[in-house]
Amino acid sequence: NAGVMQNPRHLVRRRGQEARLRCSPMKGHSHVYWYRQLPEEGLKFMVYLQKENIIDESGMPKERFSAEFPKEGPSILRIQQVVRGDSAAYFCASSPQLAGYNEQFFGPGTRLTVL
Amino acid sequence: SQQGEEDPQALSIQEGENATMNCSYKTSINNLQWYRQNSGRGLVHLILIRSNEREKHSGRLRVTLDTSKKSSSLLITASRAADTASYFCATATNAGNMLTFGGGTRLMVKP
Numbered sequence: 190n191a192g193v194m195q196n197p198r199h200l201v202r203r204r205g206q207e208a209r210l211r212c213s214p215m216k217g218h219s220h221v222y223w224y225r226q227l228p229e230e231g232l233k234f235m236v237y238l239q240k241e242n243i244i245d246e247s248g249m250p251k252e253r254f255s256a257e258f259p260k261e262g263p264s265i266l267r268i269q270q271v272v273r274g275d276s277a278a279y280f281c282a283s284s285p286q287l288a289g290y291n292e293q294f295f296g297p298g299t300r301l302t303v304l
Numbered sequence: 657s658q659q660g661e662e663d664p665q666a667l668s669i670q671e672g673e674n675a676t677m678n679c680s681y682k683t684s685i686n687n688l689q690w691y692r693q694n695s696g697r698g699l700v701h702l703i704l705i706r707s708n709e710r711e712k713h714s715g716r717l718r719v720t721l722d723t724s725k726k727s728s729s730l731l732i733t734a735s736r737a738a739d740t741a742s743y744f745c746a747t748a749t750n751a752g753n754m755l756t757f758g759g760g761t762r763l764m765v766k767p
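The listed protein sequences correspond, in order, to chains A and B.
Just so we're aligned: the first sequence equals residues 190 to 304 in the numbering used here.
Just so we're aligned: the second sequence equals residues 657 to 767 in the numbering used here.
Hint data in this document are derived by calculation from the structure and do not stem from the laboratory.
Heads up, the beta-carbon is just placed ideally off N, CA and C, and yes, glycines get one too.
Worth double-checking, as some hints may not be accurate.
Covered by chain A, per the in silico footprint, the following chain B stretches (three or more residues, Cβ under 8 Å) [as the list claims (entries may be wrong)]:
#, segment
1, 708 to 721
2, 754 to 767
The calculated DMTMM-like cross-link candidates involving lysine to aspartate or glutamate, where the alpha carbons are at most 25 Å apart (straight line), are [as the list claims (entries may be wrong)]:
#, chain 1, residue 1, chain 2, residue 2
3, A, 216, A, 257
4, A, 251, A, 241
5, A, 233, A, 292
6, B, 725, A, 292
7, B, 766, A, 229
8, B, 712, A, 292
Bound conformation, chain A alone (with noise of 0.2 Å):
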């Protein structure tokens, strides 16, 4: 039973290009969550969807990150016209139910680095 896959693992953007991050939850998990962490400090909740549902967005910037999780394939975290301020590892998470109840099961997430 494969974990929760990300890619790519590192990622370099220049200031003002797109980056795209992909998750695959474990199978049979319909709950996805994304988290941003800094060097040196814990994880920050960005959002959280279900299959084709935004459930909850609020610790998402409201400008230039969107996030969707479709029918088929993988979440995407989208970060647009990225600067310094958004390098970082960005973690996904999955669960088979609400997260409140049981652990969320994590990637081993995407670096990304704007120069």
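Based on the hints, put chain B in the right spot on chain A.
Quick look at chain B alone, frame taken from chain A:
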């Protein structure tokens, strides 16, 4: 300060010693979870303790939860060099969905 603050921020011990990390939080929770993160890697789930539980064990790990003090502790007994990592507590509320993480405790176990 944020929900889920760990204390100490950094801890250095010798192999074989016990390591204790503490976590405080602010709001009512449904459960509290501890995760480990090795440098540059993803998070590994260690243990989940529900709000109606007071203590839980898993191998060399012992977690306590005091909801009256809004605090939790993680004890790693007979530590090994391989335990060197950052340890995070994360809380989940009854509203569910997201986990709120603390800043972590960086543990170094010297061989």
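Hints and how they fare:
1. Check on the segment 708 to 721 of chain B: 0 of its residues sit with their Cβ under 8 Å from a Cβ of chain A, so the three-residue criterion for coverage is violated.
2. Against chain A, the segment 754 to 767 of chain B contributes 7 residues with a C-beta closer than 8 Å to a partner C-beta. That satisfies the three-residue criterion, and the hint holds.
3. About 18 Å separates the Cα atoms of residue 216 (chain A) and residue 257 (chain A), which keeps this hinted pair within 25 Å; it holds.
4. Distance check on the hinted pair: residue 251 (chain A) and residue 241 (chain A) sit about 19 Å apart at the alpha-carbon level, within 25 Å; holds.
5. With a C-alpha separation of about 16 Å, the suggested pairing of residue 233 (chain A) with residue 292 (chain A) holds against the 25 Å cut-off.
6. With a C-alpha separation of about 23 Å, the suggested pairing of residue 725 (chain B) with residue 292 (chain A) holds against the 25 Å cut-off.
7. For a cut-off of 25 Å, the pair hint linking residue 766 (chain B) to residue 229 (chain A) stands: about 21 Å separates their Cα positions.
8. Taken as a hint, the residue 712 (chain B) and residue 292 (chain A) pair is honoured in the structure, with Cα atoms around 15 Å apart against an allowance of 25 Å.
Hint compliance for this structure: hint 1 alone is broken.
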